[in-house]
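Enquirer: Chain by chain, the residues:
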Amino acid sequence: MIDMSLYNNLQDEWKSLTDSDSSGAMDDLDWSFIHDQLRTPRASILFAELEETRELWRELLDMIELESYSERFITSAWTLKDLVAHITSWAVELRSQAEAAAQGQSFDYAIPYALSIVGPNEWNRIEVEKRRNLSLAELLQELNQQSVNLEDLVLELSEEELHAERRFAMAPNGDPSTRWKGTIGQIVLMKCSHERYHLDRIRQWHAAVRRIGPNSLPPRKPPLRKPK
Amino acid sequence: MRDEISKNSPSPEQPILRARARGEVSCDVAFEEFYALYISIVRGWAIIGARREDADDICQDVWIIFYRRWCSWRFLPEMEADDARPILSFLYRTFRFSVEGYRRKALRKYELLDDVEAVSVSPVEEQLIRGIELNRCLEVARKLFSADEIDILLAKLSGISAREIAATLAITEAAVDHRFRNSVARLQKHIRARKSVT
Chain A
1 MIDMSLYNNL QDEWKSLTDS DSSGAMDDLD WSFIHDQLRT PRASILFAEL EETRELWREL
61 LDMIELESYS ERFITSAWTL KDLVAHITSW AVELRSQAEA AAQGQSFDYA IPYALSIVGP
121 NEWNRIEVEK RRNLSLAELL QELNQQSVNL EDLVLELSEE ELHAERRFAM APNGDPSTRW
181 KGTIGQIVLM KCSHERYHLD RIRQWHAAVR RIGPNSLPPR KPPLRKPK
Chain B
1001 MRDEISKNSP SPEQPILRAR ARGEVSCDVA FEEFYALYIS IVRGWAIIGA RREDADDICQ
1061 DVWIIFYRRW CSWRFLPEME ADDARPILSF LYRTFRFSVE GYRRKALRKY ELLDDVEAVS
1121 VSPVEEQLIR GIELNRCLEV ARKLFSADEI DILLAKLSGI SAREIAATLA ITEAAVDHRF
1181 RNSVARLQKH IRARKSVT
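First to last, the protein sequences are chains A and B.
All letters in the first sequence, in the order written, are residues 1 to 228 by our numbering.
All letters in the second sequence, in the order written, are residues 1001 to 1198 by our numbering.
Hints are supplied without guarantee of correctness; some may be wrong.
[Said to hold, decoys possible] Below, a list of computed lysine to aspartate or glutamate pairs in the DMTMM-like style, where the Cα atoms sit at most 20 Å apart: (1) B:Lys-1105 x A:Glu-159; (2) B:Lys-1105 x A:Glu-160; (3) B:Lys-1189 x A:Asp-3; (4) A:Lys-15 x B:Glu-1149; (5) B:Lys-1105 x A:Glu-161; (6) B:Lys-1105 x A:Glu-99; (7) B:Lys-1189 x B:Glu-1139; (8) A:Lys-181 x A:Asp-108; (9) B:Lys-1143 x A:Asp-12; (10) A:Lys-15 x B:Asp-1028; (11) B:Lys-1189 x A:Asp-108; (12) B:Lys-1105 x A:Asp-152; (13) A:Lys-130 x A:Glu-71.
Calculated directly from the structure, the hints in this document are not laboratory data.
My request is simple: use the sequences and hints to build the entire structure.
Expert: Set out below in structure tokens:
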């Protein structure tokens, strides 16, 4: 049994600590510091964003047995495993670009975006194809490792290194010679946003599947035939 | 338990969330209301659950991350229950991630956690705390509890549900309850022992 008087003491102390009048919190409702930090988030913020994204993956894996949906089409072109391969490919690419940038390297390649479609369509297709032979578990493991490595990098770099503007390999306007200018901090946030977007989509897809029942799912992908 | 925020008490978040979901208030106005509602709680977490020199920065981190997320908040049906506190839960999780970042960064700097602790509380400060705050249970808990135990205590005191705490710490609700009871029992034993010495 918990000692109630002790717990009550703890509650009283907590109340007095968080009481707005006595903590002075009500005198300090100025949150303008937020706008100063939005463009140049410090390392601890980037780390927390990465940790949260990893946590969202853990939650998804606890909630859904992804393996059983692995070969189901989640978009007109991709199965769930393909989508995870896509997310992993970006995690690898962004971590690798961040590391190269931190070492002062420049990029001798570009990832041009298709103008008619959001994202680098061709690059996405090739990268998913490269990971065709990996299992879902292997992909998820690789994805997690990329986040861990990026967390280490973020904690290692100085604030100046995190926020120095550089040219990265992405070419959002489709022209390989005009590449995106940004910071390692923005690369980290880009990775987190990208994963959260797809995590949301997977959750929505799974909720829809549960609503309509497994029989209404798009067909499984036929198994790959081994070349003779 | 006396004064504990009841699991079924109406959440102060719901009117703000609903007004924002209906487009009646701007993102910034709603944010400001949450800031006023929870700034003292987040500050309390940082004071008790983090190294003193990191507390202000951690507090700021939590709000910066929340602001970024709030601008594109998804209003999920499970967050609409009258007693749901999705914002407090989000702030609590973010607080934990932020503390972990500072801890990891400090470990890199000092290599050993022992060194980190030695730097965070000087012997003089320790003596002062002993003298002034000997009977302050939260202060004793802060020094006695493990990071996870402090997390559970702060979450319980802030009215976060056992389900949310369990999900955040990736343990079962039963484990949350077990750890909480064990840590409070240890605190009780410790305080009694110190009182008998003094």
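Enquirer: So, for every hint listed, does it hold in this structure?
Expert: Each hint tested on the structure:
1. B:Lys-1105 x A:Glu-159: holds (13 Å)
2. B:Lys-1105 x A:Glu-160: holds (16 Å)
3. B:Lys-1189 x A:Asp-3: Cα-Cα ~10 Å, so holds.
4. A:Lys-15 x B:Glu-1149: Cα-Cα ~19 Å, so holds.
5. B:Lys-1105 x A:Glu-161: holds (16 Å)
6. B:Lys-1105 x A:Glu-99: This hinted pair holds, its Cα atoms lying about 18 Å apart.
7. B:Lys-1189 x B:Glu-1139: The hint holds at about 15 Å.
8. A:Lys-181 x A:Asp-108: holds (15 Å)
9. B:Lys-1143 x A:Asp-12: holds (19 Å)
10. A:Lys-15 x B:Asp-1028: violated (28 Å)
11. B:Lys-1189 x A:Asp-108: violated (64 Å)
12. B:Lys-1105 x A:Asp-152: holds (9 Å)
13. A:Lys-130 x A:Glu-71: holds (17 Å)
The structure shown violates the earlier hints numbered 10, 11.
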